[in-house]
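Given chain A, put chain B in place with the hints provided.
Which chain is which? The protein sequence lines are A and B, in order. Counting in the numbering used here, the first sequence runs from 1 upward without gaps. Counting in the numbering used here, the second sequence runs from 1 upward without gaps.
It should be emphasised that the hints constitute simulated quantities derived from the structure, not laboratory data. Backbone N, C-alpha and C define an ideal beta-carbon position, used for all residues, glycine too. Just so you know, not all the hints are guaranteed correct.
[Stated by the list, open to error] FRET-style restraints, in silico, Cβ to Cβ:
#1 L81/A x M118/B: 50 to 58 angstroms
#2 P78/A x R239/B: 43 to 51 angstroms
#3 S34/A x I172/B: 48 to 56 angstroms
#4 A181/A x M118/B: 30 to 38 angstroms
#5 W123/B x D210/A: 38 to 46 angstroms
#6 Q153/B x P31/A: 54 to 62 angstroms
#7 R145/A x V42/B: 50 to 58 angstroms
#8 L16/A x R85/B: 44 to 52 angstroms
#9 V101/A x D52/B: 52 to 60 angstroms
#10 R145/A x L133/B: 25 to 33 angstroms
#11 L24/A x L113/B: 34 to 42 angstroms
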Amino acid sequence: MRLAFRRWGQAADPLLFFVMVTTLFPLALSPEMSRLRDVAPGVLWVAALLSSLLAADTLLKADAQDGTLEQYVLSGQPLTLLLLVKTAAHWFLTGLPLVLVSPLVAIALGAPGSSLGTIMIALTLGTWTLSLLGAIGAALTIGVRRGSLLLSLLVLPLAMPVLIFGARSAELAIAGIDATASIYLLVSLLVMAITLAPLTAAAAVRIALD
Amino acid sequence: MWTWFNKLASPPHFYRLAGTLAPWFGWIAGALIIAGLYGGLVLAPADYQQGDAFRIIYVHAPSAWMSLFIYVVMALSAAIGFIWRMKLAHAVAAASAPIGASFTLATLVTGALWGQPMWGTWWAWDPRLTSELILLFLYIGYMALRASMDDLQRADRASAVLAIVGLVNVPIIHYSVVWWNSLHQVSSVTRLGKPTISTSMLVPLLVMFLAFTLYYVAVLLVRVRAEVLRRERNAGWVRELVHA
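Here chain A stands alone, though its shape is the one from the complex (with noise of 0.2 angstroms):
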């Protein structure tokens, strides 16, 4: 994690694009405020989706470059729980930024700012949900040519659960309605990610070092 603390670029890539993306709304929409709250939650989780995807290209791939990988392999530590960590702390540079911009897009985008506190809850769970996802989309496509595309193409159907439930729990909450089932479908989505996850792309990353 500290290593990748002295890239700052590539944790920066996936914030700015998020910023970027949801700046791109109101200019071909409109600049009605009224209009764009209808929007907000949509812009918000296309948005943070998509950076997610972004950033899980570059979860694996230096590493698996430079033999970091191989290491891990023969390190005789349990893979699937290094990549659960890995995954974490990529989530940290990743993930966690996105979540801290996100209240000043929200309000941007005209949300009010009682629902800020939901909206960045379900962005927190959310976004480690993606990032475990891309885990294995980053683990399957490990030294495939045209990889980031078909990364994208593999995870994007996999991650449209996240992206009905988080999309609906800030609906709600602009709404001013309680959004808690929402929440506790992500948070389920989520315990099941961690779970299963790692496993997987444990089991990716020894198929792509055979």
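Quick look at chain B alone, frame taken from chain A:
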């Protein structure tokens, strides 16, 4: 039983057996399709609400059934190949994917053709339609991952992982889409209340279900034969086969 199973899994034996069985499945499927279509298009009465347009159900519903069935077959055989390192199971999974994707596409197209006169729209963001579309994406992702790797073994194992992940995800995706739509309450398309289907309509439908399944088996056998030949092209028995 295990010896029989092991024998079945050996490529030369499977190649011969599949060659014998494929025409049988094919001809029976063909006969059943003709019978089912005759029963569905000619014998069955027109629906009192939908008129003759409902008859597309005889292609649409079996295709939808096949699109799901083939995904399960594909994922299970990929899992068998992954766990027991059975080459033939991987060949079955690889051969199934394009067939399943075609049936999924057929379901979407016939559904659109049906929706146009019935609902007045080609496409609605209905849960079932959306899940089917996502299923198509899963098939495409699977085939794309397979195509992107040159090393056959790696492609087999990596795509097997993806197929299993997809199998776990299909129910989650389906239910999240169902809840998403029922929460939104925007769908103006109300499903036509299905009247309990009469026997004269149901029998041809069941025949078509059976026919499509047998057709899949026939096509699968032919495709797996080709796949086995491709994979074993350097093996002795293939060379003998070519020179014989």
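Now the hints, each set against the structure:
no., hint, result
1, L81/A x M118/B: 50 to 58 angstroms, "holds, 53 angstroms"
2, P78/A x R239/B: 43 to 51 angstroms, "holds, 45 angstroms"
3, S34/A x I172/B: 48 to 56 angstroms, "violated, 34 angstroms"
4, A181/A x M118/B: 30 to 38 angstroms, "holds, 33 angstroms"
5, W123/B x D210/A: 38 to 46 angstroms, "holds, 43 angstroms"
6, Q153/B x P31/A: 54 to 62 angstroms, "holds, 55 angstroms"
7, R145/A x V42/B: 50 to 58 angstroms, "holds, 52 angstroms"
8, L16/A x R85/B: 44 to 52 angstroms, "holds, 45 angstroms"
9, V101/A x D52/B: 52 to 60 angstroms, "holds, 57 angstroms"
10, R145/A x L133/B: 25 to 33 angstroms, "holds, 27 angstroms"
11, L24/A x L113/B: 34 to 42 angstroms, "holds, 36 angstroms"
Figure legend: structure checked against the earlier numbered hints; the only hint not met is number 3.
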